[in-house]
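S.K.: The residues making up each chain are set out below.
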Amino acid sequence: MEMKKVGVLSLVLVLLMGILAACSGKSSSGETSGDSTEDHVTLTWYLIGTPQKDVDDVMKEVNKYTKEKINTSIDLKLLDWGEYNDRMQVITTSGEEYDIAFTSSWANNYALNARRGAFVGLNDLMDEYGKDMKKLIDPAFLEGAKIDGELYAVPTNKEVGQQAVLSFNNELVKKHGLDISKVNSIEDLEPLLAVIKEKEKNVTPIATFDAYLPFDSILQEELPFAFRLDGNTDEVVNKYEEDITMETLKTMHEYYKKGYIQKDAATSTDSWPLETANWFVRKEIYQPYAEDIWSRSAGYEIVTRELHEPYIFNNSVTGSMQAISATSKHPERAMMFLNLLNSDEYLRNLLDKGIEGVHYDENEDGTIKDLPARVENYNMPSFAIGNQLILKLYEDDPADKWEAFEKFNESAKASPALGFYFDSNPVRTEIAAISNVTSEFSPALLKGAVDPEEYLPAFNKKLDEAGMQKVLDEIQKQYDEWKKEQ
Amino acid sequence: MHLLLGTFAFLCIFPFLYVIIISLSNEQSLAENGYQLIPEQWSFEAYRYLWEMKAQVVRAYGVTILVTVLGTFISVTVIALYAYAISRKQFIFRKQFTFIAFFTMLFSGGMVPFYIVMTQFLDLKNSMWALILPMAVNAFYIIIMRTFFLRSVPEAILESARIDGAGEWRIFLTIVLPLSVPGIATIALFNTLAYWNDWFNALLFIDDPNLIPLQSLLMRIENNMDFIKQNAMLSNQNSSILESIPQDSARMAMVVIATLPIALSYPFFQKYFIKGLTIGGVKD
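Protein sequences, first through last, are from chains Y and R. Under our numbering, the first residue of the first sequence carries the number 1, and numbering increases by one thereafter. Under our numbering, the first residue of the second sequence carries the number 1001, and numbering increases by one thereafter.
Bear in mind the hints are in silico, worked out from the structure with no lab data behind them. Beta carbons: idealized from backbone N, C-alpha and C, even for Gly. Take the hints with a grain of salt, since some may be wrong.
What the hints assert, rightly or not - Some chain R residues judged to face chain Y by a derived CB distance under 10 Å, without partners named:
id : residue
1  : Tyr1115
2  : Ala1136
3  : Asn1138
4  : Leu1203
5  : Leu1204
6  : Asp1207
7  : Asp1208
8  : Ile1212
9  : Asn1223
Using the sequences and the hints, build the whole thing.
M.R.: This is the structure in structure tokens:
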């Protein structure tokens, strides 16, 4: 009986294998052609963004051009925002063959994948085939994105610094004659909020935001491990134990008690759409002329005040990148394409804005305006594709927009931990526990919904129990080693 | 008792009514007042929005209906045949085949092997079959159906059919099937629901916007919304990203159109459902 069972089982297994093998007779792609472009190659490119109707038409044009230039066709696959992360994770772990993928600090995690060996190291490829783009991309990007000296993805050239600003609904500012020129921190908001609270019944003074804290966070923003931006910047700390955190959160809670912040702030996931003018102040991440963009999409004027000078963080240099997959059969060709994408104005604009005459019209002075087809059928995530500073300007863009970006980048200050990528493997369990504790406490604390004098100590106690010190020690150890090599 | 049941029924229906109300609310008043039972302003804006993207919605509807009908038919066929075979004592390997089905309920390969088999061996990426085949065989339903066949199809009837000279197919089609309508209908309903509600397979295997089913479209919109909210920096980079995603009322309107047809089809199954489930649920 036993034997019979085993026999039948193995028979079924053999049959199954046969079926699988029969179906897997996939066409194998052409041989690697070294560095020449003799053979025609098709590259698969995964990009984040909502699939667009006109993508096929545009890609036809793109392929015409890339075929002529580097004898390459591109098979672009757009994966929607919400699913990009999960999909890329499965694709990477399953060892699927693809050539280029979008990667960043917030989706398809760059540092994690690079460490895991999912991406090809690009230093040599870049020197050989990426010369044109290397000249154009801000060196801070190329340096800051290196992990242990090796670059694993081509960063998008855009604003390199990160700057949190408070933005104000200017209608209300003007209406009540408020002076925002003296607002440099969350504390300075008090008198203005009081006026709004008293005189505008239908306005929530603060559009719920997390308090700004002056730290460079390791891993995610909410997690406690961070480097200070002032003072002793070489020591990793639990930012929830710092005095400045207590001060800031107290102010936030004060505002909450006074009714400046909505009651459900801690749990609400409501967005505060700009088009609805039911808010007075909010926190945003800035880039040059962002207030113009915001004002345009809001339909009323928005003005900003900066909370700090722009800093270059790991998260900002790895905000948008293209990596070459370790499973790629044609890494050289992929690099040639990325080089073209980041340095060739025609190709870059074609991918971003679509086809001239169909998706946009060009004015005599070289600026462009969108046609309805672009708004409806070809709305690409500009910042995710590549070098932004060679894009054509819209007719209502300021003429010096890209110069302003360059100036902004020059003014940005490097964070002490720029270029330090923590390998979290040795303390994975502790980080998981800490991250649980954090997601329990941090939303309510950072949004001002609970009293920090009561909850911060409780939070920190739980963090300690979850193994905080062990993680801090590990980070410090790795940081010191990294620092020595700089 | 009536009052109690009535209250309970109302509690079940209420969330859905609420969704309908929100879908009919004015977006502006939603942003200002949050969800309200009686909105300040009614509006058909959300449905107008869906009407504008009707090409996509209609296509998604088409995919869902096709997958549901075809999938239900295929899976009911496979399950009934499999279950019938292992329910008959004359079939020598019935223990082994029961075990093979049962085994998959205890152990599964996991997501990555599943993905590898589907994309690299079967090459089903971006194919309608990727939505149908993974759910075609369900071990649990096989077990239920087997029990059902054992209980409701007496061996004596089959015996007499055999004496009259009927072959296996003929017995199955003209005697076993008509006797098992409640069981089959129950399994069919389960499968219909499963196919109608499935979004996960589409998430894994479908990039082609022409092949996205309704639930997956809904899921995508929801996920995008969450994702963009969590990554606030994104909305600043490209304000158009947020604009391209429907707001609250439109999302609720999508829930309504995605749920209504299947909710309405339920009464037609119901008379089989009660009988089928009780019989099929008893294990010998």
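S.K.: State for each hint whether it applies.
M.R.: Right, here's what the structure says about each hint:
1. Interface hint status for tyrosine 1115 (chain R): upheld, as the beta-carbon distance to the closest one in chain Y is roughly 5 Å, under 10 Å.
2. Of the supplied interface hints, the one on alanine 1136 (chain R) is violated, with its beta-carbon coming no nearer than about 14 Å to a beta-carbon of chain Y, more than 10 Å.
3. Checking asparagine 1138 (chain R) against chain Y by beta carbon gives a least distance of about 18 Å; that is not within 10 Å, so the hint is violated.
4. The restraint placing leucine 1203 (chain R) at the interface with chain Y holds, with a minimum CB-CB distance near 6 Å, inside the 10 Å limit.
5. Residue-level restraint check for leucine 1204 (chain R) holds (minimum Cβ-Cβ distance to chain Y is 7 Å; threshold 10 Å).
6. Satisfaction of the interface hint for aspartate 1207 (chain R) is found here, the shortest Cβ-Cβ separation to chain Y being roughly 5 Å, below the 10 Å cut-off.
7. For aspartate 1208 (chain R), the suggested interface contact is upheld, since its CB lies about 8 Å from the closest CB of chain Y, less than 10 Å.
8. Against a cut-off of 10 Å between C-beta atoms, the interface hint on isoleucine 1212 (chain R) holds, since the closest Cβ of chain Y lies about 9 Å away.
9. The interface hint given for asparagine 1223 (chain R) is met, as the beta carbon of that residue sits about 2 Å from the closest beta carbon of chain Y, less than 10 Å.
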